[in-house]
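Protein chains in written order, with my numbering: chain G, 3 to 484; chain A, 3 to 484; chain B, 3 to 484; chain Z, 3 to 484.
Think of the hints as simulated: they come from the structure by calculation, not from any bench.
Going by beta-carbon spacing under 10 Å, a handful of chain G positions derived as facing chain B:
1) A224
2) K230
3) R232
4) N243
5) F247
6) E250
7) T256
8) Q302
List of simulated lysine to aspartate or glutamate pairs, DMTMM-like, C-alpha gap at most 20 Å:
9) A:K299 / Z:D229
10) B:K230 / G:E255
11) Z:K230 / B:E255
12) A:K230 / G:E255
13) G:K230 / A:D364
Ideal Cβ positions, reconstructed from N, Cα and C, are used throughout, including at glycine.
There are 4 protein chains.
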Amino acid sequence: MKKPFLITLIAIPLLFAAAARAQVPADRADLLKKMDARAQHFADVSHQIWEFAEVGYKEVRSSELLKSELRAAGFQIQEKVADIPTAFFASWGQGKPVIGILGEFDALPGLSQEAIPQQKARVAGAPGHGCGHNLFGSASDFAAISVKEYLAEKKIPGTIRFYGTPAEEGGGGKIYMARAGVFNDCDIVLTWHPADANRANVGSNLANITAKFRFYGKPAHAAASPDKGRSALDAVMLMGNAVEFMREHVPQETRIHYIITNGGASPNTVPDFAEIYCYARYPSMPVLDGIWARIVKCAQAGALATETRMEMELINSAYNVLPNGVLATMFDHNLRLLGGVHYTPEEQAFAEALSKTLQPGDGLKLGSQEKIQEISHDVSYASSDVGDVSWIVPTAEMNTATWVPGTAAHSWQSAATSGMSIGQKGMTLAAKVLAMTALDLFTDPKQVQAAKADFDKRRAGNEYKSRVPADQKPPLNYRDKP
Amino acid sequence: MKKPFLITLIAIPLLFAAAARAQVPADRADLLKKMDARAQHFADVSHQIWEFAEVGYKEVRSSELLKSELRAAGFQIQEKVADIPTAFFASWGQGKPVIGILGEFDALPGLSQEAIPQQKARVAGAPGHGCGHNLFGSASDFAAISVKEYLAEKKIPGTIRFYGTPAEEGGGGKIYMARAGVFNDCDIVLTWHPADANRANVGSNLANITAKFRFYGKPAHAAASPDKGRSALDAVMLMGNAVEFMREHVPQETRIHYIITNGGASPNTVPDFAEIYCYARYPSMPVLDGIWARIVKCAQAGALATETRMEMELINSAYNVLPNGVLATMFDHNLRLLGGVHYTPEEQAFAEALSKTLQPGDGLKLGSQEKIQEISHDVSYASSDVGDVSWIVPTAEMNTATWVPGTAAHSWQSAATSGMSIGQKGMTLAAKVLAMTALDLFTDPKQVQAAKADFDKRRAGNEYKSRVPADQKPPLNYRDKP
Amino acid sequence: MKKPFLITLIAIPLLFAAAARAQVPADRADLLKKMDARAQHFADVSHQIWEFAEVGYKEVRSSELLKSELRAAGFQIQEKVADIPTAFFASWGQGKPVIGILGEFDALPGLSQEAIPQQKARVAGAPGHGCGHNLFGSASDFAAISVKEYLAEKKIPGTIRFYGTPAEEGGGGKIYMARAGVFNDCDIVLTWHPADANRANVGSNLANITAKFRFYGKPAHAAASPDKGRSALDAVMLMGNAVEFMREHVPQETRIHYIITNGGASPNTVPDFAEIYCYARYPSMPVLDGIWARIVKCAQAGALATETRMEMELINSAYNVLPNGVLATMFDHNLRLLGGVHYTPEEQAFAEALSKTLQPGDGLKLGSQEKIQEISHDVSYASSDVGDVSWIVPTAEMNTATWVPGTAAHSWQSAATSGMSIGQKGMTLAAKVLAMTALDLFTDPKQVQAAKADFDKRRAGNEYKSRVPADQKPPLNYRDKP
Amino acid sequence: MKKPFLITLIAIPLLFAAAARAQVPADRADLLKKMDARAQHFADVSHQIWEFAEVGYKEVRSSELLKSELRAAGFQIQEKVADIPTAFFASWGQGKPVIGILGEFDALPGLSQEAIPQQKARVAGAPGHGCGHNLFGSASDFAAISVKEYLAEKKIPGTIRFYGTPAEEGGGGKIYMARAGVFNDCDIVLTWHPADANRANVGSNLANITAKFRFYGKPAHAAASPDKGRSALDAVMLMGNAVEFMREHVPQETRIHYIITNGGASPNTVPDFAEIYCYARYPSMPVLDGIWARIVKCAQAGALATETRMEMELINSAYNVLPNGVLATMFDHNLRLLGGVHYTPEEQAFAEALSKTLQPGDGLKLGSQEKIQEISHDVSYASSDVGDVSWIVPTAEMNTATWVPGTAAHSWQSAATSGMSIGQKGMTLAAKVLAMTALDLFTDPKQVQAAKADFDKRRAGNEYKSRVPADQKPPLNYRDKP
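Work the whole structure out from these sequences, hints included.
Structure (C-alpha cells):
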C-alpha cells in the first residue's frame with residue numbers, strides 16, 4: 003500500500019506549487035462571502051451541541067438541532083435510519099452525482115469542561131465534547147446547506163446529502179447505517195475531523211472489532227461450598243490468560259486490549275456472572291477476522307475449562323479507512339486556496355495560556371494553525387466507523403485546526419477549545435473546504451470518475467462485508483453502566 | 003479442639019434432663035412478665051430499624067434509636083467509640099462483674115423486602131435486613147434494659163453494658179472496637195443471632211482476613227503506545243493467578259476467594275488502576291496469618307512483574323469464635339426453661355406460604371421452632387467479628403427461631419420474617435434468654451469464674467492481638483461504590 | 003464409611019485379648035516349622051530380585067524367578083496375561099474356594115542402594131527396591147507354595163493362586179489384569195506390603211487417575227515468524243492454569259498434581275510438542291470421575307485456545323481400596339499368634355545406625371517391630387492398583403516390619419533394609435501370616451461367606467467398572483524417557 | 003539507521019557498474035591460482051570437521067585441525083583464550099594494520115546427515131553441520147594462510163590474524179572472547195557465513211540475551227502434604243504467565259520465547275526444582291537491556307509468589323550486528339570480480355534432487371548461485387555473537403552460495419550440502435573473497451580509515467559493554483542434558 007502513496011507524494015508538490023499561486027474563482031468567492039455571513043449562526047449551533055454534550059446514541063437534542071437547520075434549508079430528512087433514534091440523513095436535489103457529507107455529534111463521558119484554558123468541569127463527571135464532534139456535525143451541516151444554495155442558484159444537477167451519524171465514540175453508528183445500505187447509492191463521501199492542524203489525509207488506520215464476553219456460572223457460598231460453584235470470574239481470568247499467550251502468535255502490528263467490566267459481585271459468593279470487554283485491531287480487516295476468531299476461541303476455552311456459559315455481544319466492528327488519493331488532493335487544493343486559521347489577540351492569549359498546560363513534545367507549535375500541512379500518509383493506531391463507509395464509497399477526510407497546536411483528542415484542552423471561537427473558526431474553515439470540494443465534484447464529473455478509479459484500485463476486489471451479525475441490534479445503551 | 007467438645011457433649015444431656023424438669027424461679031417469673039408487657043414496644047423498635055435498613059457504618063438512625071432507649075432507661079452512653087460514628091456502648095451500675103451484651107443493626111445491600119411471604123422489594127435495589135440485625139440490636143437493647151431494672155430493684159451490684167456494634171456484615175465494627183480496648187474491662191459477653199432454630203452454641207467458625215489490593219500503573223493509548231503503559235489490570239490478573247497456584251499448597255480447610263472490583267476504565271487505555279478484593283479464611287488465626295502473608299506476596303509479585311505499585315487496605319480481620327462451654331450450658335438451660343416459639347394461625351399461614359418458597363432439603367421442618375435443639379458443636383464456614391471479642395472476654399452466642407425453619411440467612415425470606423411478628427416473637431425470646439443468663443451470672447459469681455476458667459483453657463495462652471494495623475482507620479465507606 | 007470402622011474398633015480389642023492367649027494349633031506349627039526351614043531360600047530369591055531391580059513392565063528376570071519357583075512346586079502358570087510380558091498367575095488345586103495372593107516385584111528409578119545403613123548407590127542413578135517389592139513378591143510366592151503343600155498333604159479341596167502383578171509403581175499392572183478378568187473367579191484375595199510395623203488394615207486410600215496430555219502445535223522460528231507458530235507449550239501452560247483455577251471448585255479432599263514432562267525442545271522454535279503428566283485423586287472413584295472429566299475439559303480448553311491438538315493417554319486408574327473387616331480381623335489374629343520381628347545384635351546395630359539417618363518425628367520407635375499394632379483405619383493419601391482388585395474380590399492387606407521403625411517408603415533406607423536380613427525376617431513373617439490366613443479360609447467356609455458379606459455391604463451396589471479405555475494397551479514403556 | 007543505508011544503496015550501483023567491467027589485477031591472479039591449487043586440501047579439512055560434528059565448546063578435534071594448519075603455516079597460536087578450551091587465535095606478521103578473520107566450527111544437535119539429497123542421518127540423533135560451520139572455519143583458515151603467504155612474499159607490513167571462535171550456536175563463544183579483550187587491538191574484522199547466495203551485507207540483526215532461570219522449592223508428597231511443599235514448577239508457570247502479560251507492553255519488534263527445560267521430576271512429589279530457558283531479542287541492545295530487566299522481575303515475582311528461590315544463569319548475550327558500509331562495498335566488489343558458483347553435471351543433479359525436497363516459495367531459484375546478489379540491507383531476526391565483535395572493531399560479513407538456492411540454515415539439506423563438493427566450492431569462493439578483501443585493506447590504508455570512520459558514525463558514541471557478568475564463566479556444558 004505504500005507505493006501508490008509515494009507516487010502521490012511526488013506528484014502533489016507540483017500541484018501545491020500551482021495551488022499556491024491559484025486564486026479563488028469569482029463565483030466561489032461569492033459563496034465564501036455568504037458563508038462568512040452565516041458563520042456566527044453555525045458557531046452558535048456548535049456551541050449549543052457543545053452544551054448538550056450528549057453521549058453516543060443519546061444525542062437527541064443535538065441531532066434534532068442539526069435536522070432543524072437542514073429542514074429549514076429545504077432538505078428532505080430520513081429519520082431513525084438503521085433503527086437508531088438519532089441517526090438520519092438529509093437530501094436535497096436530484097440525480098447523480100450523490101455527494102455525501104458526514105456529521106458526528108456525540109460527546110465523551112467524563113470530559114465536561116468550561117471554555118477556558120484551565121481544567122475545570124462545567125458539571126463534575128459529566129460528558130463533554132473532548133473530540134470536537136459538536137464542531138464536526140455543525141460544520142458538515144453548514145457545508146451541506148451552503149452547497150445546496152449554490153446548486154439551487156446555479157441550477158447544477160445532482161444530490162447533496164448530509165449523514166447524521168451518531169455514536170462514533172465506540173458505538174459504531176455508521177457501521178449499522180452501512181449495514182442498512184444508506185451509503186450504497188452515494189458516489190462520494192466527504193468528511194473531516196477537528197484537529198490541531200490543517201491537513202488532507204491519504205493515510206489509514208486500524209480495523210477494529212470489539213465485543214463484550216459475558217460468562218454465566220453457578221453461585222455458591224465461597225467458604226461453605228466452593229466446590230458447588232462454577233466461577234464466571236475464573237472463566238474471565240482464563241480467557242484473559244489465553245489472550246495473553248496468543249500475543250506471541252499474532253502479527254506484531256496487532257493490538258488486543260481488554261478490561262474486566264464485571265469481576266464478581268461479592269467475594270463471599272462464587273461469581274455467577276462476569277464480563278470482559280475486548281478490542282482487537284489490525285491494519286487489514288481480513289487478517290483481523292482471523293485474529294478475532296482466535297480470541298473467540300480463547301473465550302470458549304475459558305467457558306469450557308470452568309463449566310460456565312459464554313455469550314458474546316459484538317459492540318463495534320470498524321474497517322480500517324481506505325484512503326482516496328484523488329479526493330485528498332482536492333481537499334489539499336482547497337485548504338491551500340483558503341489558508342489556515344488566524345487568531346485575534348484574545349484568541350492568541352487563550353492559546354498561549356492553554357499551550358502552557360500541554361506536554362512539551364515533538365508536536366506542532368503555536369503559529370502552525372496558520373499553515374497547511376503536507377498531505378498525511380500516516381497509518382494511525384486509532385479506529386473509526388468512517389472506515390466502513392470508505393470501503394463502500396470513495397471517501398476522504400481532512401482536518402482543520404480547531405484546537406491549539408499540540409492539543410490531543412480526548413483531552414480537556416480539546417473540549418475547552420471546541421466551545422469557543424478558536425474551535426468555531428476552524429469549523430468555519432472546515433465547512434468552506436467541504437463545500438468547495440463538493441462543488442468541485444458536482445461541477446467536474448471527471449474528478450468523480452478519477453476518485454472512483456482510485457477507490458477500485460485500492461480496494462482491489464475486496465467487497466465491503468459488514469462484520470455485524472444480521473440479527474444484532476445497535477447497542478443503543480452501550481454507554482450505560484452495567 | 004474436638005476432645006473438650008465431646009466431653010461436654012456427654013456431660014450436657016444430664017443437665018438437660020434436669021433442666022427439662024426445672025421451673026422458672028418466682029422472682030424471674032416476675033421479670034419475664036414485665037418483659038412480656040414491654041415486648042410490643044421493642045417489636046416496634048425493631049420494625050423501625052427494619053425500615054431504616056441502613057448499611058454498615060451508615061446506621062445513624064438505627065443506632066440513635068437504640069441509644070435513645072438506653073438513655074431513657076438511665077444508661078450512661080459512650081458515643082463514637084473507635085472513631086466510628088455509629089459505634090457506642092451504654093453502661094449502668096457499678097463495679098464487678100461487668101456483663102456485656104452485643105447488639106448489631108446493619109442491613110445488607112440489595113435485600114429490600116416487604117414483610118410478606120413472596121419475594122417483593124420495598125424499594126428496588128435498596129438494602130434490607132436479610133440477616134435480622136434489626137431484631138438482633140433490639141433484643142439486646144431490650145435485655146440490657148430489663149437486666150438494669152432487675153439489678154436496680156434488687157440492688158444487686160455489678161455493671162450491665164450494651165455494646166452497639168455497627169457494620170458486622172463485612173465492615174468489622176467490633177474489630178475496631180476491640181482494638182480500642184472497649185471490651186477489656188468486661189467479664190463476660192453474651193450475644194445471640196437470629197436463626198431458624200432455638201439453640202445454644204459451643205461450636206466455632208473460621209478466622210477471616212479481607213483486604214482490597216489496589217494497583218497503580220501507567221496509562222497509555224492501548225493501540226498507539228501499549229509499550230509505554232504499565233497495566234494495573236495485568237497486576238490484578240497475575241496476583242489472581244498466583245493465588246490460584248497457591249491453593250494446592252495451603253491446608254485443605256483454607257478458603258481464599260476474591261472478586262475484581264475494578265478491572266480498568268476503558269479498553270482503549272492501558273489501565274492505570276485496578277482493584278481486587280480478597281478474603282482468606284481458616285479455623286485458626288495463627289495459621290491464617292501465615293497464609294495471608296503469602297497472599298500479600300502474591301500481590302507484591304503482581305506489582306513486581308508489571309512495574310506497578312500495590313497498596314493493600316485491610317478491610318476486615320475476624321478471629322474464629324472461641325466458644326465457651328459454661329456459658330453455652332447456661333444459655334441452653336434458660337432456653338429450655340422458656341421453651342420455643344409458637345405461631346398464631348396467621349403466623350402459621352405465613353410460615354406455610356413462605357416454606358413453599360424454600361429449597362426442600364435436610365434442614366429443619368416447620369414445627370421445629372417450638373423446640374430447643376441440642377447444643378451445636380459445628381464449625382461453621384462463616385465468619386463474624388464476634389470472633390475477636392471471644393478471644394478477649396469469655397463470650398457465648400445462642401440463637402432463637404426468628405425465621406421460619408429452613409430459612410437461610412441473607413435471603414429475602416429472612417428479611418421478610420424479620421419485619422413481622424414471627425421475627426419479633428423470636429426476638430422477645432432472645433431478650434429473655436439473654437436477660438436470664440446475665441442475671442444468673444450477676445447472682446452466681448462461681449459461674450463467672452467457671453466461664454473464665456473454660457476461656458483460659460480453650461485460649462491456651464494465645465493472647466488476643468488485633469490484626470488491624472495501628473494506623474488503619476475503620477473503613478467507614480466500605481459500602482460505597484468504588 | 004467411618005461408622006462401621008468405629009464399631010469394628012470397639013469389637014476388635016475383645017478378639018485381641020482372646021488372641022493374645024491363643025496358641026498355634028499343632029498342624030499349623032508343623033507348617034511354620036517347614037516354612038522356617040525354607041526361609042533362607044526365599045530370602046535368597048528376594049535378594050536376587052533386589053539385585054535385578056527392574057522397573058515397571060521390565061521385570062523380566064524378577065517375574066521369571068518367581069515363576070520358576072511356582073513351576074517347580076507344581077503350579078500351572080498362565081503367562082503374559084493382559085498382553086503384559088511380565089504379568090502372570092499360577093494356580094494349584096481344584097474348585098472352590100479360589101484364594102489368591104498378590105505379588106509385586108517392580109523397582110523404583112533412582113533408588114539404587116547398598117544394603118548398608120548409609121546412603122550409597124550400588125549403581126549411581128540406577129533403580130532400586132525402595133518400596134520393598136522384592137520382598138513383596140517373594141513372600142507371596144513363599145506363602146502360595148507353602149499353602150499348596152499343606153493343601154496337598156491334607157487333601158483339602160480348593161485352589162490356591164499366585165498373581166504376579168507388575169508395575170505397581172505408576173504403571174497399574176493390576177488394572178490391566180483386572181480388565182482382562184483374571185480376578186473374576188477368585189473368592190478372596192490376600193496381600194501385604196512391606197512396612198515399618200506389623201499391622202492389619204481396614205482403612206482405605208485414594209482413588210487415582212493419571213494421564214499424559216500431549217499437545218501438538220505448529221513449529222515456527224520464534225524470532226522471525228512467531229505468528230506462524232502454534233505453541234504446544236502455550237497449551238500446556240493454559241491447561242495448567244485452568245487446573246489451578248479449578249482447585250477452588252472441587253471438594254477439599256481432592257488432590258491434583260502435575261509435572262511438565264516436555265516443555266519444548268529449543269527456545270528458538272515455537273514448540274510443536276509439549277506434554278504434561280497429571281494425577282488426580284479422591285477417596286471415591288465416582289466423585290473422582292467427575293473431577294477427571296473437568297481436568298480433561300481443561301486440557302481441551304488449552305488446545306482450543308491455542309489452536310493445537312490434544313491427545314490424552316491414560317496411564318493409570320486405581321480405585322480406592324475397599325477394605326474388608328472380616329479378613330482384616332483374620333490377619334490381625336494370625337499376626338498376634340506369630341508375634342513381631344526380633345533383631346540379632348548385628349541387626350540391632352544396623353537398625354540403630356540407620357535410625358540416626360531418619361527424621362525424628364512422631365513415628366514408631368525402635369523396638370516397635372516386636373509388637374503388633376492395632377488394626378489401622380486410616381485413609382492413606384497414597385494410591386495402589388490393589389484398589390481395583392478390592393472392588394472385584396474381597397481383599398485385605400496387612401503389613402510386617404520389614405523396615406526399621408520410622409522408615410518411609412520410597413527412601414534409600416527402605417531400599418537398604420529390603421536387601422538384608424531385617425527385611426527378609428519381615429518377609430518370612432508376612433509369608434507365614436498369608437499362608438495361615440489362606441488356610442483359615444480354606445478350612446472355614448463361613449469365614450469366606452462372612453468376608454463376602456462384608457464386601458457386599460461395603461460395596462453397596464457399586465459394581466467395579468474399569469476406567470481404562472477398551473482400546474488402551476498397557477503403557478509398557480511408561481518408565482522410558484520421553 | 004535506515005538513512006545511511008539508503009544513501010549507500012544509491013551510491014553502490016555505480017560502483018557495481020564499474021566493478022562489472024573490472025579485471026583481477028595480475029598479482030592477485032597469481033594468488034587465486036595458488037588458492038585453486040590448495041582448494042582440495044581445505045575441502046578435505048572441511049570434510050573432516052563435518053565428520054567430527056562436535057557441538058559448542060566440545061569442538062576439540064575440529065579446533066585442533068584448524069590450529070594445526072595455521073601452525074604449519076607459521077602462525078603463532080594463543081590457545082584456550084577466555085578460559086575456553088577450544089577458543090584460540092593465530093597471528094602472523096607485525097604491526098598495523100591488524101586484520102582479523104573469524105572462523106566458526108561447532109555443529110548442531112540432532113542434525114546428523116549423509117551427504118546425499120535425501121534425509122538420512124549418518125548417526126541417528128547425533129549432531130551435524132546444519133549451519134555449515136565446517137565450511138566456515140575451513141574457508142577462514144584457508145584465507146588467513148593465503149593472506150600470510152602473499153604478505154610474506156610481497157613483504158607487506160601488518161598482522162593477519164585468525165580467530166577460532168567456538169560455540170556460536172547458542173554458546174556465545176565470541177562474547178566471552180570479546181570480554182577477554184582479544185579483539186581490542188584489531189583494526190578490521192572480516193567474516194562470512196555459508197548461505198544459498200553470494201552477497202555482501204550491510205544489514206543488521208537482533209540483539210539477544212538468553213538465560214536459564216532455575217527455581218528451587220521444597221519437596222513434599224503431593225497427595226499427603228501438598229501444603230508442606232513449595233513448588234518450583236509453580237514458580238516457572240507464574241514467571242511464564244508474567245512474561246505473557248508483559249508482551250503487550252514492550253515494543254512490537256521485541257521477541258521473547260522460552261521453553262521449560264525442567265518441569266518437575268515426578269507428579270507425585272511437589273517439584274523442588276524446575277527450570278525455564280528464556281530468550282529476548284530486540285534490534286537495539288540498550289532497549290533490550292530494559293526489557294530484560296523486566297523479564298528478570300517476572301522471574302523474581304514467580305519466586306516471591308511461591309516462596310521458592312530463583313537463580314539466573316546468563317547463557318548468551320549478543321549485540322545486534324553493527325554493519326559497515328565501506329567493508330560491505332569492498333566485499334561486494336571482490337564477489338563481483340570473482341563471480342558465483344558453477345555446478346558440474348553431477349552437482350547439478352544433486353542440486354535438482356535436493357531442490358525437490360525444499361518448500362516451494364519466494365526464495366532464490368536454482369541457477370542463482372552463479373550470480374552475485376545486491377548488497378543486503380535486511381534486518382534479520384536471527385542473532386549472532388558476531389554482533390559483539392562488530393561493536394568493538396569495524397566488521398563485515400558476506401555470504402557465498404555453499405547451499406543449493408532455497409535451502410534454509412539449520413536444515414538437513416544444508417547439512418548434506420556442507421559435506422560435499424557444492425559446499426566446498428562455495429567455501430573456496432569465500433576464502434578467495436576474504437583473502438582479496440584483506441589484501442585490499444593491507445595495501446590501501448585509506449580503506450581502513452574509511453571503514454573506521456563509518457564504524458564511528460554508526461556506533462554514535464555507544465561504547466561496547468559486555469552484558470556478561472564479570473564472574474560468569476563460559477557455559478562450557480550448555481549442550482549437556484540437564
